[in-house]
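Let's have the full structure, built from the sequences with the hints guiding it.
Chains U and F are the protein sequences, given in the same order. For the first sequence, this note's numbering gives the first residue as -14, with consecutive numbering after it. For the second sequence, this note's numbering gives the first residue as 26, with consecutive numbering after it.
The hints are all genuine.
Sample of chain U residues at the chain F side, in silico, Cβ under 10 angstroms:
hint, residue
1, 28
2, 32
3, 49
4, 51
5, 53
6, 70
7, 78
8, 106
9, 114
10, 135
11, 136
What the hints contain is simulated information worked out from the structure, not anything from laboratory work. By construction, the Cβ of each residue, glycine as well, lies at the ideal position given by its N, Cα and C atoms.
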Amino acid sequence: MSEILVNIDGKEVKAKEGMTVLEAARSAGIPIPTLCYHEKLEPYGGCRLCIVEIESRGSTRLVVSCVYPVEKNLTVRTRSEKVDRVRKMILELEMAHAPDAFVFEDLAKEYGADKNRFEKEPSFCIHCGLCVRYCAEVKKKNAVGFVDRGIRKEISFIPEIAAKECWSCKECFPLCPTEALQAAYVLVGALAFPEASPKRTSA
Amino acid sequence: MSRIQSPAELEELRKDIISKRDPNKPCITLCSGSACHASGSREVAAKLEEEIEKQGLSAEVDIRKTGCHGFCERGPIIVIRPEEICYFQIKPEDVPEIVTETIKGKKVIDRLLYTDPATNEKIIHETEIPFYKNQGRIVFGSNVNVDPKSIDDYLAIGGYAALAKVLSGMTPDQVLQEVKKANLRGRGGGGFPAGAKWEGSRNAPGDIKYVIVNADEGDPGAYMDRSLLEGNPHAVLEGLTIGAYAVGAHEGYIYVRQEYPLAVENVNIAIKTAEELGLLGKNILGSGFDFVVKVHKGAGAFVCGESTALMTALEGRAGEPRPKYIRSNVVGLWGRPSVLNNVETWANVPLIINNGADWFTQYGTETSKGTKIFSLVGKITNTGLVEVPMGTPLRDIIFKIGGGIPGGKKFKAVQTGGPSGGCLPEHLLDLPVGFDELTKAGSMMGSGGMIVMDEDTCMVDVARYFLEFLTDESCGKCVPCREGMRQMLKVLTNITKGKGKEGDIELLEQLSETAIEAALCALGKSSPNPFLSTLQYFRDEYEAHVKEKRCPALSCKELISFYIDPEKCNACTTCARKCPSDAIIGGKNLVHMVDQEKCTKCGTCFEVCPPKFRAVKKLSGEPVPPRISEEARTITRKSKEK
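This is the structure we're talking about:
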């Protein structure tokens, strides 16, 4: 693997080819906030909080660092007025669902995000997909999945699989960034009332 | 039928087909696309067959059930050849007369002809009707001549000649260069140059590559890809095969909405017949080139029109876009180089190969070449599918071809580019249609939807409508799209309900920025367009809603009241009888009044008030005048004096 030099926040960072900007930054101790990233999982690019500003081939644009691969002569700014503005909005949008989650406390302070900006619909789930992806990619059980789409999207345990697999595992519980009990709650609901849990949709 | 082994054999077969066709033999062409099916063309077809049989003309007259002719407003349409007599809005009961009078008697039936509304003259031939006369139908024009279920029909008009030309005398690179030189840009939305996309795939590493037809057309009111695939599936297949040859692909997919059953049926028949003739499959035309095509029915998600979501769905997974920054022509379907173009783009390819890039580039503007098919709908006289050279001004499409706005109403805006497109106002009517021209004006080409709006349309409500559509169709994967649109829709809905507040417009602008900058895919990034373009050109309407609680178009229910002008009401009692909620305080010889408490704002009174009175008014942003006294309501009718 050849080495690539990238400039992150004015600092020369050595990165390996194939690394993402997020990985390169973190390896150099430069923080970038994330909600849906997990080092054991495929990058998901869902929360968009890790957005950064890049200068590449003469143009400046915003990309999400968890997916964008490092390249030669890349200049990255992990903070800028625009980046901060976008992150603030993302946090405010998410906090409408999980206003009191610990994960947002410091972030909200850092970016001046107001948890009361939008009308609250506390579902707790912020659709980071960590539980779903961990179960699929690491445990290969697919006991929990997404159902429906768009603003109706929610996580749901598949009763038939969950009844067999979940009690001895529960590894997804602590992954939940907003409320570990959320996963437990949905799981119990699915097992206790399998008929009432939303049906899986194919698209 | 046996497989054709060489281009020469193909030409022989073509000659044979044409020689058996007498150009002077009467042929009744009936459009049988989905739109005409809806207006009863199947019944007309059955009656035609029955009547021809009954009058003993089966051997002397051909019937050809073709795809869409485009003038859907006037369907079902019959064209009688060789005279090319055009009849519109045919009902089964017209059929015996057509057969007796026109086929046997060679007489034209006046009442079935098109009447030019400008001159009141009857027009016999399609080419003289303003709707057709002002178009340039190089792609869509063949629909009229082909029964989509018959490969012979396609061969008779020169079908598969481009494929033969490519396989017998052009290298893949020459094909690529020709398409690049033609500057064919993707007709599905983005307008990305097809040649560059193909080249990217050709040069990408890997032995297995794919070519894909995007037939997941999902814009409300748009059906050009549907009509092309239904009406001329072989043109799409031929284009796809040529593309596969250029790219080095041996497998192709057609991703088609399962809501398009006729398109699915016709394209499957086309694949089967092309395989039987050796125009698809192994060793095509004896060239050694193999190519197979499979049809994949989509599960009805708008987002699957997005390239990476479509490919994810093709792989059998939930149709969500991928977050990758690598183009799908390099890493696409199953991680392999995959060229995805939409139906119309593929259908242009045989034309470019047959006629050359120079012929193609004579149509269009500097950066947009060829023609574009638009689905012209909304408040427009001639609803239908129109194909015009790129660069045609919007005004020509809407007024010359579309016949303008019905009911004497005033034009207000045209929405182009589908839900993620934008609304363009009257002062931009002279804008030439082209990819860059429309984008610069704050809208986009999209796949070619064109929705015309008149003065009664509220632009805030239009933005709300499209946002609602997009919110419903968002996959929900990324925050700026899922959560941003949820909030945008709430704010817009509030504004149309008179609950808008100071700062709402700014909040919408901030949410728009987040979507544009941070959303994962094209659907999310373009989702604020309906709002941004209406704000750009109709800011006064937003401000009237927010600040004055007034809907200038008098359309938003929560912001209007119905009021009967006492000076004009003649106490005819029509409105009182028709009101479904008993909200009209009527009475004989008493001026009517609307009980605002009971009124549901359905607008019935407004519609039924006789035009000679026009007493019912819509009010917005102003208080309803107080009720008048019983005395003042009494109408003293004068006896008619001479």
